[in-house]
Amino acid sequence: MTELSHIRNFSIIAHIDHGKSTLADRLIHRCGGLTDREMTAQVLDNMDIEKERGITIKAQTVRLDYTAQDGQTYELNLMDTPGHVDFAYEVSRSLAACEGALLVVDAAQGVEAQTLANVYQSIEHDHEIVPVINKIDLPAAEPEKVKEEIEEVIGLDASDAVLASAKAGIGIDEILEAIVTKIPPPKGDRDTALEAMVVDSWYDPYLGVVILVRVMNGVLKKGQQVKFMIGGTEHLVDRVGCMRPKIEQLSELGPGEIGFITAQIKEVAQANVGDTITTVKGGATKPLPGYKEVQPVVFCGLFPVDAADFDKLRDSIGKLRLNDASFSFEMETSAALGFGFRCGFLGLLHLEIIQERLTREYDLDLITTAPSVVYRIQLGRSKTENAEEILLHNPADYPDPSRIESIEEPWIKAVIYTPDEYLGSILKLCQDRRGVQTDLTYVGGRAQVTYELPLNEVVFDFYDRLKSISRGYASFDYEQIGLREGDLVKMNILVNGDPVDALSMIVHRGVAEERGRHMCERLKELIPRHLFKIPIQAAIGGKVVARETISAMRKDVTAKCYGGDITRKKKLLEKQKKGKAKMREYGNVSIPQEAFIAALRMGDES
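First residue of the sequence shown? That's 894 in the working numbering, and the numbers climb one at a time after it.
The set of hints was computed from the structure by calculation and includes no laboratory data.
Any given hint could be a false lead.
What the hints assert, rightly or not - Simulated DEER-style distance windows between Cβ atoms: (1) 1188 x 1116: 36 to 46 Å; (2) 1392 x 1030: 56 to 66 Å; (3) 1188 x 1440: 34 to 44 Å; (4) 1018 x 1188: 13 to 23 Å; (5) 895 x 1180: 24 to 34 Å; (6) 1314 x 1018: 34 to 44 Å; (7) 1434 x 1335: 41 to 51 Å; (8) 962 x 1255: 42 to 52 Å; (9) 1203 x 1458: 54 to 64 Å.
Quantities reported herein were computed from a predicted structural model and do not represent experimental measurements.
Each residue gets a CB set at the ideal place from its N, CA and C atoms; glycine is no exception.
Use the sequences and the hints to build the structure in full.
Laid out in structure tokens, this is it:
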């Protein structure tokens, strides 16, 4: 049992690539969590996809023992968090289980958009923040300038910020001392009813559902009969432990401690994140305030390339949902693609990661439909139906336009940091995406521009475009600010006269023609030629706004016709013409999977 005054719970927060996971590696190594032989780079990033992309997707927890300069041994519970805006939900959950945070800032790049977003979340939780200026061994490092920037932009006192290089192992002892001296110990009472918060849960094929908990009050022991206060289920705790980062079994978890339990739970759905665990007898009377519910932002359809793989896809999505509670799915059908699932994600990177994990871990070939956001539609009264309000996730379910009174779309507030020379191009990009500029300031030689943008314009390729026009120097963070009414219409793509529902999208009337033209041109390049002419059209209702035609492949039917009267050749050509007309009427146009994916990546570069 560790005394409360000797426990420190903290997370590491920073912008993408500022060195959170590398710093976590150094702290684990310094505290003897793993031996030299067991250490690998980014040891807490345990998914293959995390190591390959060099990003953190899941927040990971590890318990370390550190003997400070005053001779006392402290229990440190470290949480390494993701940096990307799509995984901000992971960060908010981790922060709720801690009393303090290490704010890591790159000594060469300074304060970036996600640095700010994560700091504000940390301040909301009333945390003690310890600034760490990382990568001081880089040739371009300017630690003094970055200290000024932290004070100017965030308002934190950075005069005693720790200068470090996680890669080179500089300043690690100073960071550990700062954690022990500056971050407050947790509060809690050992002798009251058990109150433990579910921070995370994941599925282990050997142990079943593993639940990460932060004990607020009371003691959580092996063999206790516990209940989930919001879920309403009861379970027997059969294993209590912590990660060091290897699994270590314990007899109990006391107040202020972070660890895991297993309780023979078969489904992660029974262990909702943010739920409160208490004992069945003499337990707490009301649950702890949990986390705000996660809201999917981007929706798209996932369909198997081979229709026979549908059952495999259903099982795979179910298993993946066990390890990632932040995406949702429901079954849907498409005339073009057959049976599949409509899935909700926290952003485009989240969508990409889920798709890649399904392909890689479950060996599935998938087609993804155009990403779309949730629209709120007010429908007027008709002769047979009353007025109502509906939420539209899928453009294919677009109601009868004559009944629509108004359509509202979600808007976001985006904060972009950029070096001055790219500002003009970024302002033009935001204007083209129907953005409204609300603020422009200069901080430490860089521009901070704030825009209000429709989320629909951001989910396609805004982030990629921003990175390409700023050569990777601009950083971007956003938050949702509600729904606003817009002049939106549904645009259908017709191939050979038939609508392809997987390519239909909801667009603003002002950009519909341009989008339609781009899509038709792109499909003309991607769909292979057939033996008959194929028209590709973009239409709003009954009005065609753009068209391209793929010419037919011509077989030379007169090749075998030597000499003789010209009418013989005309007869053969006439026969071919009739055959082509018939083919066009009954022939199927096969659109390859690559064409779907490439057509949906509709960048301005086309």
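Here's how the hints hold up against the structure:
1. 1188 x 1116: 36 to 46 Å: holds (38 Å)
2. 1392 x 1030: 56 to 66 Å: At roughly 58 Å between Cβ atoms, residue 1030 and residue 1392 fall inside 56 to 66 Å, so the hint holds.
3. 1188 x 1440: 34 to 44 Å: Taking Cβ atoms as reference, residue 1188 and residue 1440 lie about 39 Å apart, which means the hint holds.
4. 1018 x 1188: 13 to 23 Å: This hint holds: roughly 20 Å between Cβ atoms.
5. 895 x 1180: 24 to 34 Å: holds (26 Å)
6. 1314 x 1018: 34 to 44 Å: At 37 Å between Cβs, range holds.
7. 1434 x 1335: 41 to 51 Å: Between residue 1434 and residue 1335, where Cβ atoms are some 47 Å apart, the hint holds.
8. 962 x 1255: 42 to 52 Å: The hinted range 42 to 52 Å holds for residue 962 and residue 1255, with Cβ atoms some 50 Å apart.
9. 1203 x 1458: 54 to 64 Å: holds (58 Å)
Checked against the numbered hints above, the structure violates none of them.
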